[in-house]
Amino acid sequence: MTNSHEPQSFVSKYIFSLDHKVIGLQYIFTAMFMGLFGGALAMIIRSQLAWPEHGIVKPETYLSIVTMHGTIMVFFVVSLALVSGFGNFLIPLMVGARDMAYPLLNMLSYWTIVPACLLMLLSFVVEGGAAASGWTAYPPLSAIASAVPGSGMGQTLWLLAMALFIVSSIMGGLNYLTTIVNLRTKGLTMFRLPLAIWTFLVSTILGLLAFPPLMAAVIMLLLDRHLGTSFFLPAGMILGNEVLPYEGGTPLLFQHLFWFFGHPEVYIIVLPAVGIAFEVIATFARRPPFGYKTSVYAMLVVAALSMIVWGHHMFVSGMSPYVGEYFSVASVFITLPFAVLGLNLVASQWQGNIRLETPMLFALALISAIGTGGLGGLFLGTATSDVYFHDTYFVVGHFHIMIGMVTFLGIFAGIYYWFPKMFGRMLGDRLGKIHFWLTVIPMFTMFVLMHYQGLGGSLRRIYDPTNYDFTAATRTLNSPITHAAFLLVFAQAIFLLNFFYSVFKGPKAKQNPWDSAGLEWTAASPAPHGNWGEHLPEVQRWPYEYGDFSDGSETDFQPQTQPTAQ
Amino acid sequence: MGNRKKPFLSIALMGFFLLVMLSIPAGFLMKTWLPPVASKHGVGIDYVIHFLLWTTGAVFVVGHLVLMWLVWQNTGKGKSTYKPVSQKVEFIWALVPVIFMGVISEAGVLVIGRPVWQQLYGETDADALKIELIGRQFEWFVRYPGKDGVFGKTSPEAVIKRTVDGDNFVGLDKSDPAALDDIVLRSALRLPVGRMVSIRLRTQDVQHSFSVPAFRVKQDLVPGLTTRTQFTPTLVGEYEIACSELCGLGHYKMRGMAIVLTEQNFDDWLAKQKSFFND
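Heads up: the protein sequence lines correspond to chains W and E, in order. Following our numbering, the residues of the first sequence are numbered contiguously, the last one being 566. Following our numbering, the residues of the second sequence are numbered contiguously, the last one being 279.
Listed next, with one range per pair, are the computed distances between beta-carbon atoms:
{"no.": "1", "chain 1": "W", "residue 1": "Asp464", "chain 2": "E", "residue 2": "Phe8", "range": "43 to 51 angstroms"}
{"no.": "2", "chain 1": "E", "residue 1": "Asp125", "chain 2": "W", "residue 2": "Pro115", "range": "56 to 64 angstroms"}
{"no.": "3", "chain 1": "E", "residue 1": "Val61", "chain 2": "W", "residue 2": "Glu247", "range": "52 to 60 angstroms"}
{"no.": "4", "chain 1": "E", "residue 1": "Gln87", "chain 2": "W", "residue 2": "Thr466", "range": "53 to 61 angstroms"}
{"no.": "5", "chain 1": "W", "residue 1": "Gly55", "chain 2": "E", "residue 2": "Val236", "range": "31 to 39 angstroms"}
Each computed EDC-like pair below joins lysine to aspartate or glutamate, with the alpha-carbon atoms no more than 20 angstroms apart:
{"no.": "6", "chain 1": "E", "residue 1": "Lys253", "chain 2": "W", "residue 2": "Asp464"}
{"no.": "7", "chain 1": "E", "residue 1": "Lys130", "chain 2": "E", "residue 2": "Asp267"}
{"no.": "8", "chain 1": "E", "residue 1": "Lys253", "chain 2": "W", "residue 2": "Glu53"}
{"no.": "9", "chain 1": "E", "residue 1": "Lys174", "chain 2": "E", "residue 2": "Glu157"}
{"no.": "10", "chain 1": "E", "residue 1": "Lys79", "chain 2": "W", "residue 2": "Glu554"}
{"no.": "11", "chain 1": "W", "residue 1": "Lys293", "chain 2": "E", "residue 2": "Glu90"}
{"no.": "12", "chain 1": "E", "residue 1": "Lys79", "chain 2": "W", "residue 2": "Asp551"}
{"no.": "13", "chain 1": "E", "residue 1": "Lys77", "chain 2": "W", "residue 2": "Asp548"}
{"no.": "14", "chain 1": "E", "residue 1": "Lys83", "chain 2": "W", "residue 2": "Asp515"}
{"no.": "15", "chain 1": "E", "residue 1": "Lys79", "chain 2": "W", "residue 2": "Glu357"}
{"no.": "16", "chain 1": "E", "residue 1": "Lys83", "chain 2": "W", "residue 2": "Asp556"}
{"no.": "17", "chain 1": "E", "residue 1": "Lys147", "chain 2": "E", "residue 2": "Asp127"}
{"no.": "18", "chain 1": "E", "residue 1": "Lys274", "chain 2": "E", "residue 2": "Asp167"}
{"no.": "19", "chain 1": "E", "residue 1": "Lys77", "chain 2": "W", "residue 2": "Asp556"}
{"no.": "20", "chain 1": "E", "residue 1": "Lys83", "chain 2": "W", "residue 2": "Glu554"}
{"no.": "21", "chain 1": "E", "residue 1": "Lys147", "chain 2": "E", "residue 2": "Glu263"}
{"no.": "22", "chain 1": "E", "residue 1": "Lys274", "chain 2": "E", "residue 2": "Glu132"}
{"no.": "23", "chain 1": "E", "residue 1": "Lys253", "chain 2": "W", "residue 2": "Asp469"}
{"no.": "24", "chain 1": "E", "residue 1": "Lys79", "chain 2": "W", "residue 2": "Asp515"}
{"no.": "25", "chain 1": "E", "residue 1": "Lys253", "chain 2": "W", "residue 2": "Glu60"}
Facing chain E, from chain W, some residues (calculated, C-beta under 8 angstroms):
{"no.": "26", "residue": "Val243"}
{"no.": "27", "residue": "Pro288"}
{"no.": "28", "residue": "Lys293"}
{"no.": "29", "residue": "Leu375"}
{"no.": "30", "residue": "Ala383"}
{"no.": "31", "residue": "Asp464"}
{"no.": "32", "residue": "Asp469"}
No lab work stands behind these hints: they were computed from the structure. Backbone N, C-alpha and C fix where the C-beta goes; we use that ideal spot for every residue, glycine too.
One chain only, chain E, in its complex shape (with noise of 0.2 angstroms):
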């Protein structure tokens, strides 16, 4: 071993290696690529992420460490040994990533990630404010309830019954009393900050998902569902909402945006919304 003068060839193998095992580290040592977290549950979701860089990295660097060294030292070598190793080196050997990766996945996903599965699936804040967002190739409206805190009657009829009022976005039931003062807005969430947001999704036609990478929030828009995301807006603001499940042609551009408010100014704001109906 090692007495004989190595080819070119495993050299430039090792540096490739090397490389590879680098690109990993060094692209973190480079830039934050995670854009600023701008929710509650969103540092959570960064913990998790992290937690699995750094262990990932590291089974990645060692093993990468071990397959070279192997490849190193037995290439070129002359001889090898025809000794099947013993089942018992192989079981063992077999246990090795039966442990650290059974200990480094599940603790991603039970004891890391499950506490924050809960923030986003789990109980909703009795203050929380009620929103409803619905999508349509390719636009967004929001919805607020309005000052009886209820949603009112929509149906799909009454979307396509254009008055001479224009469109009825959402559907809007002009019957239901409890739709006399919703609140219907185009592609802008307004949201303020540090209040819990529950926001029920619709969609009038595809598929879409509501996806604000700032919150570390995505949720799909199914057809025939109502779909249910929720967080906590930590940082006054404005973040992109990017559709992120294929729409069809003009899925690439249908963007909205999330402003967030302080307390005061988003009640200002909301107080001084006309309802859809009633202008």
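Excised from the complex, chain W in its bound form (with noise of 0.2 angstroms):
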């Protein structure tokens, strides 16, 4: 494939495109249409809980809502942007290929999010309102239509949206998969490959092993709802009056599935955000990123964990006490390798010559996130201090520190970062700085505030947190969470117009403006269709020769494809 076969007609090249940096922007633009609702979602849980006197929404409908920013920010925007969008923009510019291995899978992969997509927002509309039961889904709230509003029609939309995203995800992924393995080009072995490409490696076999069970779960819990067996669903169960028909199933085996899933999907995310941070540092701090190959090791490790502790979610479940105890055991384990990932960010700065500009900014700040959050894990995978923190506020700040923060910052410091490569243009770099200002200061404060709230007993899921006298303490602390919150989305009004501004208008980027010594570099900015012109480029070390050579060369750099000198 060669750049006589670029598509030319609006549709191809746009809409129903085989590119995988259209692709991956696609999924972007997708990623930023979801977040104004998950974000908005947001906006109204946080008005809910700072004036639940006003009543701003109703219980039922505060469910929904709840249930709803949990799926879209974990599933439709953090996943699609981070791991779909970077993924497909980054794999073969990192890996010197003309595109992934299976264009029209990964065409039909990126069709397949968009019903899921609308599946979802349908849902808002539907009787009895979206699902209602939790980002988690458990039956039997989501198993019984009577159980809860939401459980109707909306659950059914959430669940067919599930299963369609997770179709996408598996296709992506072996997309991901293959094209690491097979399409590197020639002299970039494994170990020449860049960090960022190992942690999109890592996630994405973490991906094709966890989501087939969800998968399952979810065609199940649909066969529970509508073909009347009971997987999840055991004898005995009353609702409406009426003794239900179900025999059989156990509500724990959901569980079970759901977090043999939903374990991993945390490394799944987390681990390209600490990705796109090494990329970053070593560009700006003109060093090599500290401890390679102990990275590597570490996130190999970090994936194998994750895989057998899912039962840290249960402690409290009604699982064995004993089971309980192993899961605590290995849970706890996984800060090891995690902190040797957080501490070698940490060194890459050492001896360096650090620039801060903004992609930088936001990897110093993931830093920060990571060890805030990988510490804050110790106290709910301890099974001892979960049975206090189960379900609390406690629990709400630490996912939001792994899984929004940490994630959030990784999609900034790439988007500011590759900007160039994607546009030509340069984003926008003083209204980037405010953006991340007005980024970092409110999200620290809101889930820093909600670890004290978690502290005090503050249960999650709580519609009027006043009906308890225990929360007295800490629900003080709603109306400044509250006010970080619109700080917060303020900032990211900001980073939009900023972003659709320098689209259009930005300054004309150099092909390669921050001197960076990485592959996709030595590609045209943007990067024309089959990314590199007649020949592939050949890599010749591995993509981190940043510092001053002493051998009178006049960069502090050299590019992945520059022979070594004889």
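Quick one: dock chain against chain with the hints and give me the complex.
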């Protein structure tokens, strides 16, 4: 495939495109669009919690909003932007391929996610409203229509949308895996891969292992709902003053399947953010990342452990306490390799020559967020303290730091950094720095304060916390958190304006504006169809040759394609 | 190093990291967030929490100081070193968190946490008070087994068969002699201080979770299963029961009370209670 095959019509170029860069951007734009909903829902939640006396929404709407905020943000914003968006855009460019291994599958993957998004949004307007059983969709609430208002058509659409999401993720994952393993250009050995590509590889393998069990759970739940099976429903349940005709199932089975997927999912979306931080930090610290190999080994250990610790979400679920003790021992063990990743990010500043450009600011804040989230996780992985913290705002604060803050900071670092490669223009810097400050300050404020609320025992998914006296000490924090949330949303409006303005009017970018050594910067900005001209680049070295080489060279970096001096 | 004027941006960044770093200790100096503990094992849970707060807090502060120092020192230096660190140094640096976090995390789970976990799920005292707690959308019912100390049979069918006497909340089966002296109460759970209570938890509809922050107790109620929790109240007083597992529309107001009485007051109170059938 060379440039001569470039599609000409608008539809084949921008809509039903086979080009990984266009598809990557389609994912990112879709994530932005869904992010508008996810963000708006968060504002409603925060308003209700700060001013419960006004009853901003009804209780049933509140539960739908909580459910849909979580679902949309985790799957349709963060996963889409980070894994599918950056995965698609970066993998071929960073491994020296003209496109993904299966471009058609790639296009199908995107066009499967579109109906999934539409079904999710459609579920808001069906009778009974959107799903209201939480983003975890535990049965019986999610299985029996009369259990909660959103458990009618809304929950069915939720399950169908999730099924489509899983299909799309698996199609995308097959592409990422095959492309990384088979389409690396000449000279690009596995240990010359950028760390970002390693994280996409590990994330993809985790996804391919973890999504099928979730698919099984979704299908079984649909069967329980519509064909009267009893996978998750036992005998003797009473709803609407009648004994329901189910027999032999258990809700715990669903929890096991959900978290068998759910825990790896954390690393599926967190690892790529860490990988992006490694790329950005190497470029702006003008220094190879500290501990390339230990980072690779650490993320492999993290991935392996993440598959066998799902039970720490179920310490008080009625699961055997002996099993719980095993899950606790294994769960906190993840801290070890994960701390290696974190400390390698820290040490990557060592002996550097740091340029505090906007992407770098986001990457540095990400290190801090990983520390906060990672250490907070110990309180929840330790079974004994989790008895107290389970389902409190400590959990909410913790996972917002990990899969909300770390991932978003990674997304932003990546967008500011690769924007020139995406659009051939620079993303506005002054507004970018304002966006940075107005993002990290509210984020930390909100999520750290939520930890304190959790220490006070405040429970999540409570429509009106004033019903309980024990929340009195911590619900005064709801108002500052809500104000911080509004500031955060305001900052994202600045970002979106800056983004779309810069796409069309930003200053023209050079091919390699950050003096980066990475392979993707040897392609033109924006990269053309097929990424490189007549010949694919040949890789001579790893992508991190930065620094003062003391060999008389004028630059402080050597591109990955530059032959080693004899 | 240091001979170049630092730009405002790096000063601001340092300020930010400093604030993040201090936000954790500051929060704890400001006030005690944990509600006063009112159970025996709860003291142990608080101990685990405080152990983790101190150890991870120290790691958090030291980690931020190292990050700040490295960023501050290397910002705008003009020149960086290209000399990859030897793999030996990298592995040694990796050993630091492995050892530190290994000790902190497994000490929390195995050394300090496990004995407390055993109090929660291990042997029940021989004289423990046996109670059953039943959840349904959106209220709690308490059943005391009565003088025979045996919970009588129940059935879901008996729950929905409303009689002239009204709601048979927990579905007691009148044909079972053991059921005749069972006491059934609504929303308030009364307990004697200083005596272990062993609670069987059942739900009639969806999942609920029995949670009393002051007791540091939380246990899900799962359809089809009978789960269990045990603890020893240590302070006389009234404590809120909250449902902590999303259970539907009224989840937020599924509130109950656990009232801890002196042994004497509890015995007097229990003696006065009428059984569900005999009144």
